[in-house]
Amino acid sequence: MTQFLSALGYQYWILHVLLLLPLIGVLPIVLAPARFAKQIALLVTIAEFVLSAGLWWALPTESGTMQLQSSAAWIPAWGIRYAVGMDGISLMMVLLTTLLMPLCVLGSFNYIKERERGYYALLLTLLTGVIGVFIATDLFLFYVFWEVMLVPMYFIIGIWGGRNRLYAAIKFFLFTMAGSLLMLVAIIVLAWRVAGETGTLSFAYQHLLEHAGAVGGLAPWLFGAFALAFAIKVPVFPLHTWLPDAHVEAPTAGSVLLASVLLKMGTYGFLRFAVPFFPSVALDPWVTKFVLVLALIGIVYGALVAMVQPDIKKLVAYSSVSHLGFVMLGLWAATVQSVQGALMVMIGHGFSTGALFFLVGMLYERRHTREISDYGGIAKVVPVFSLIFTVVALSSIGLPGLNGFIGEFLVLLGSFRTQPWAAMIATTGVIFAAAYLLWALQRIIFNRLDKAENETLPDLSRRELLVMLPLLAGIVWMGIYPAAVLRRIEPAAQHYVAAARGAQGAYEVSQRGQPSR
Amino acid sequence: MRPLDVRLPLDASIALLPEIILCIGAMVVLLVNAWRHRSAGDSRLAGWIALASLIPSGLAVAALWVGGARAAGAPFMVAVDGFRFASLALILVATAATILLSLGYLEREGLLAPEYYSLVLFAAAGMMFLAGAEDLIVLFLGLEVMSVSVYVLAGFNRGSIFSAEAALKYFLIGAFASAFLLYGIALVWGATGSTSLAAIGQQLGGPELPLLAKLGLALLLIGMGFKIAAVPFHMWAPDVYDGSPTPVTGFMATGVKAAGFLALARILVEAFPHGAESWQPAVAGLAIASMVLGNLVALSQRSLKRMLAYSSIAHAGYLLAALWPGTQLGLSATLIYLAAYVLTSLAAFGILAVLGRQGERDVTLDSIAGLARRRPWLAFGFSVCMLSLLGFPGTFGFIGKWAILAGLVEQRQLALSVVLVVTTLVSAGYYLPVVMAAYMREPVSADAQGVAVLPRPALLTMALAVGIVLLLGVLPAGALTTALATASEVIGGR
Chain A
1 MTQFLSALGY
11 QYWILHVLLL
21 LPLIGVLPIV
31 LAPARFAKQI
41 ALLVTIAEFV
51 LSAGLWWALP
61 TESGTMQLQS
71 SAAWIPAWGI
81 RYAVGMDGIS
91 LMMVLLTTLL
101 MPLCVLGSFN
111 YIKERERGYY
121 ALLLTLLTGV
131 IGVFIATDLF
141 LFYVFWEVML
151 VPMYFIIGIW
161 GGRNRLYAAI
171 KFFLFTMAGS
181 LLMLVAIIVL
191 AWRVAGETGT
201 LSFAYQHLLE
211 HAGAVGGLAP
221 WLFGAFALAF
231 AIKVPVFPLH
241 TWLPDAHVEA
251 PTAGSVLLAS
261 VLLKMGTYGF
271 LRFAVPFFPS
281 VALDPWVTKF
291 VLVLALIGIV
301 YGALVAMVQP
311 DIKKLVAYSS
321 VSHLGFVMLG
331 LWAATVQSVQ
341 GALMVMIGHG
351 FSTGALFFLV
361 GMLYERRHTR
371 EISDYGGIAK
381 VVPVFSLIFT
391 VVALSSIGLP
401 GLNGFIGEFL
411 VLLGSFRTQP
421 WAAMIATTGV
431 IFAAAYLLWA
441 LQRIIFNRLD
451 KAENETLPDL
461 SRRELLVMLP
471 LLAGIVWMGI
481 YPAAVLRRIE
491 PAAQHYVAAA
501 RGAQGAYEVS
511 QRGQPSR
Chain B
1 MRPLDVRLPL
11 DASIALLPEI
21 ILCIGAMVVL
31 LVNAWRHRSA
41 GDSRLAGWIA
51 LASLIPSGLA
61 VAALWVGGAR
71 AAGAPFMVAV
81 DGFRFASLAL
91 ILVATAATIL
101 LSLGYLEREG
111 LLAPEYYSLV
121 LFAAAGMMFL
131 AGAEDLIVLF
141 LGLEVMSVSV
151 YVLAGFNRGS
161 IFSAEAALKY
171 FLIGAFASAF
181 LLYGIALVWG
191 ATGSTSLAAI
201 GQQLGGPELP
211 LLAKLGLALL
221 LIGMGFKIAA
231 VPFHMWAPDV
241 YDGSPTPVTG
251 FMATGVKAAG
261 FLALARILVE
271 AFPHGAESWQ
281 PAVAGLAIAS
291 MVLGNLVALS
301 QRSLKRMLAY
311 SSIAHAGYLL
321 AALWPGTQLG
331 LSATLIYLAA
341 YVLTSLAAFG
351 ILAVLGRQGE
361 RDVTLDSIAG
371 LARRRPWLAF
381 GFSVCMLSLL
391 GFPGTFGFIG
401 KWAILAGLVE
411 QRQLALSVVL
421 VVTTLVSAGY
431 YLPVVMAAYM
441 REPVSADAQG
451 VAVLPRPALL
461 TMALAVGIVL
471 LLGVLPAGAL
481 TTALATASEV
491 IGGR
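Residue numbers (my numbering), protein chains in the order written: chain A, 1 to 517; chain B, 1 to 494.
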């Protein structure tokens, strides 16, 4: 496979094609009659997935640095280049995105009935934006993608969303923008300070990473600006209030993408930029304590709030706050295991929460209600749906053998070595997760079938099965054989930990160097 | 091209060719008006003549710019450098767009007085003198030629009391501002014995300014502050912008503001080279006040025209922040941001003029609700304008914001940078609802259902402006390089 790909020159063009193809796909959608919009979108997204799949083989697994790099001058006056590259982390995020996108298109076939052209064109634009965020290796380019993908999501929520969509859309936009504008200042300050030290004005990731020490006393402020932008996106408690609104009001595909991909951009930002740029600030004991406390609050609070939601979609939305808390814990525990675990949670959460949102959407399309109390006992009526729902819920809980387990287990295992107390508290989150999901399962699928409207629910159609099967396959495969994924993210995780450890080591030395009182 | 000795009549007229052509054009329009001033066709004819006179003027700018025309020896009265040519190009673009937008507008509103177009041309010539002045007297003359023409234009809708109010207010405040400016010029002359910017700069070589020069500088800043509508000299702007005919509002918000800023840039950088000790604190204060107040008050506006008026005050704040460093990067940022702002605002006011429909109804958020269903391209264009004004990536406005931040950060000015981005966030609070109303809300009233007529020249202007805003948002390299090169001429020449 590797030879076949390199014969095609795959590694030279793939990243550019991944960025361009969706944008090119927008053209026929806008020009063709509206009824073809979904077919074209499906075709383009499948092509995108097939093309991106080759990356699984094309990316060398043993290296933790950026691969497949290429760049071209873009704005020479400011030393800005169009530069893309990829490592194991980007690989997983890109594959997750390209896999989910055709499913989102397929899942929207019946849900979106008006202004279809606009909808599918926006989905494709979003695809470009998201992939761009994950592969940009120039901070200007990264920032452009980071902001640009806001617009399609804003429209998707605002036009095709639920009753409260306008409020949710603007809240989503303003929250994200609030963080990213300060990040914009931080990026410029970082680049100019580095330029002052090295004499080259450049926004290249590697260049800034190597010389980020040049910012000196500004480091805490710059880290704060980056961290705020990413923390809002993750979202870290107490910046999470946009999330339930946006997730609940968005159409199904929007919720899936928000939860599975867009939230990961926040944790990706921490992994790629905020922590490696300013490790001595990020892993300062006080900052660590602060982040851990917020992560733990997120884990426990998210789970508790999820438990009391009467609305299924809200329940799933709050469960994201809880899961992403695990990711933050894993990143700040800074052991190879915990970071690998955090990455696994990022990927696993993408599959299981994405699947949950799809399932909730399918229920909603049938009954036009998301109240848990409106359902009950539907296992007899829709057995296939119920089976899939159960499997997905179990994976989200973290049942061994499914994908959710491996990530959370690694996070807990890894962080137990450095942050035992935090790990212990986080463990309760797993229990709570079991509580809210199993309870919800019981009330929706099991119990007594006492609503007449539920007796005629149709089971999953062939199209809906087609949406769920790839996700189920992923859930089972990653649960049984996580090694394939772990192997690919391990070098990147080691890289991250080495940077973080270096900083901690330096900190300990400076502590020891001080005269003892 | 050989160096031009602008003290010789022939060389001076070559250097001033763009201005001269515009003045001739304006007079031709006036002459034609003497015989043909009745029908809609006559008005159109005047408009096309005015437009046609922009072409040779633009060609003259291009020839001077490409030919690399420079002054022989010290600059004298009018600058002959790339910065001036860039300024002239910007003013010509604003003028051309204003004329194109006015063609349909005047007919719709029944304002069939072809003198309108000669006034626009005279105003444009004034702006050109203002922006290119190397001498405070030329600067004042340019300012007055521009202002007097625009006073009349503001009151051009004689049937409307708001238009009359706008004209009177603008005239009174303008006279007031001119007085400040003149007094400032007099004091600076008293301190240095010269009105030439370069000579003043040489006289005030040391970091310590004499008291007289300080006072003069303060009065100059106040006088220009009125023209560019910076807080606290902005009180006139909302009423005047709101009351004037919409294309004129666009002209004031873009052309007048751009010329004012370009002149201010020259005054500050060339005549007062030691900024930190003299004008930087004042400019920073004006910038912060304008950004904060403009954005906060814009939030609470119902009428989109008033909203854009307050937002233009906020943009004056951003531009002052761009001027603050007084470096090559800062000057280039001023130029880039002005270009982005001018293009975007022209398109925005153009769309507003079309949406106003006959009788200049107030365009509110309610009246554009559901616009995307009725006029998808108009809604798209308006949304791009809002995003560009917001400084969103992918639009030229973002490049402008980035340039300003770069200039500030280079000089380690973090306070202004942070105020700038925080107030930008506030501005999202009024730009986004426009996009939201156009795309996400259902039409509210039957009145809003009325179909706006889109004349072809206006359509062309808006399409071009929006296209350029998007294009330069993605590929700004050429524009940036040009801006940096022209800015270095001003910085290097001092």
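No lab work stands behind these hints, which were simulated from the structure alone. Even for Gly, the Cβ is constructed at its ideal location relative to N, Cα and C. Hints may be right or wrong, so weigh each one.
[To be verified] Coverage of chain B stretches by chain A, computed from C-beta distances (three or more under 8 Å per stretch; other residues unrestricted):
| id | segment |
| --- | --- |
| 1 | 382 to 393 |
| 2 | 435 to 442 |
[To be verified] If you only want the chain A side, here are some residues facing chain B, beta carbon under 8 Å, derived:
| id | residue |
| --- | --- |
| 3 | Ile-75 |
| 4 | Ala-77 |
| 5 | Phe-155 |
| 6 | Gly-158 |
| 7 | Ile-159 |
| 8 | Phe-173 |
| 9 | Phe-175 |
| 10 | Ala-178 |
| 11 | Leu-182 |
| 12 | Ile-188 |
| 13 | Ile-297 |
| 14 | Tyr-301 |
| 15 | Val-430 |
| 16 | Ile-431 |
Results of checking the hints against the structure:
Check result for the segment 382 to 393 of chain B against chain A: holds, 3 residues qualifying (beta carbon to beta carbon below 8 Å, three or more required). Coverage of a stretch by a chain is defined here by at least three residues with a beta carbon nearer than 8 Å to that chain's beta carbons; for the segment 435 to 442 of chain B and chain A the count is 4, and the condition holds. Evaluation of the Ile-75 (chain A) hint against chain B yields a held restraint, the C-beta minimum of about 5 Å falling below 8 Å. For Ala-77 (chain A), the interface hint holds, since its Cβ comes within 8 Å of a Cβ in chain B; the closest pair sits about 4 Å apart.
Restraint check, Phe-155 (chain A) versus chain B: the minimum CB separation of about 6 Å is within 8 Å; hint holds. A hinted interface residue such as Gly-158 (chain A) counts as satisfied when its beta carbon comes closer than 8 Å to some beta carbon of chain B; here the least separation is about 4 Å, so the hint holds. Given the 8 Å rule on beta carbons, the hint for Ile-159 (chain A) holds: about 5 Å separates it from the nearest Cβ of chain B. With a least beta-carbon distance of about 6 Å to chain B, the hint placing Phe-173 (chain A) at the interface is held under the 8 Å criterion.
Restraint check, Phe-175 (chain A) versus chain B: the minimum CB separation of about 10 Å is more than 8 Å; hint violated. The interface hint given for Ala-178 (chain A) holds, since its Cβ lies 5 Å from the closest Cβ of chain B, which is under the 8 Å cut-off. At its closest, the beta carbon of Leu-182 (chain A) sits 6 Å from a beta carbon of chain B; the interface hint therefore holds under the 8 Å criterion. Below 8 Å, beta-carbon pairs count as interface contacts, and Ile-188 (chain A) has one with chain B at about 5 Å; its hint therefore holds.
About 26 Å separates the beta-carbon of Ile-297 (chain A) from the nearest beta-carbon of chain B, more than 8 Å, and the hint is not met. At its closest, the beta carbon of Tyr-301 (chain A) sits 27 Å from a beta carbon of chain B; the interface hint therefore is violated under the 8 Å criterion. Taking 8 Å as the C-beta cut-off, the interface hint given for Val-430 (chain A) is violated, the closest approach to chain B being about 38 Å. At its closest, the beta carbon of Ile-431 (chain A) sits 40 Å from a beta carbon of chain B; the interface hint therefore is violated under the 8 Å criterion.
In this structure, the earlier hints numbered 9, 13, 14, 15, 16 are contradicted, and the remaining ones agree with it.
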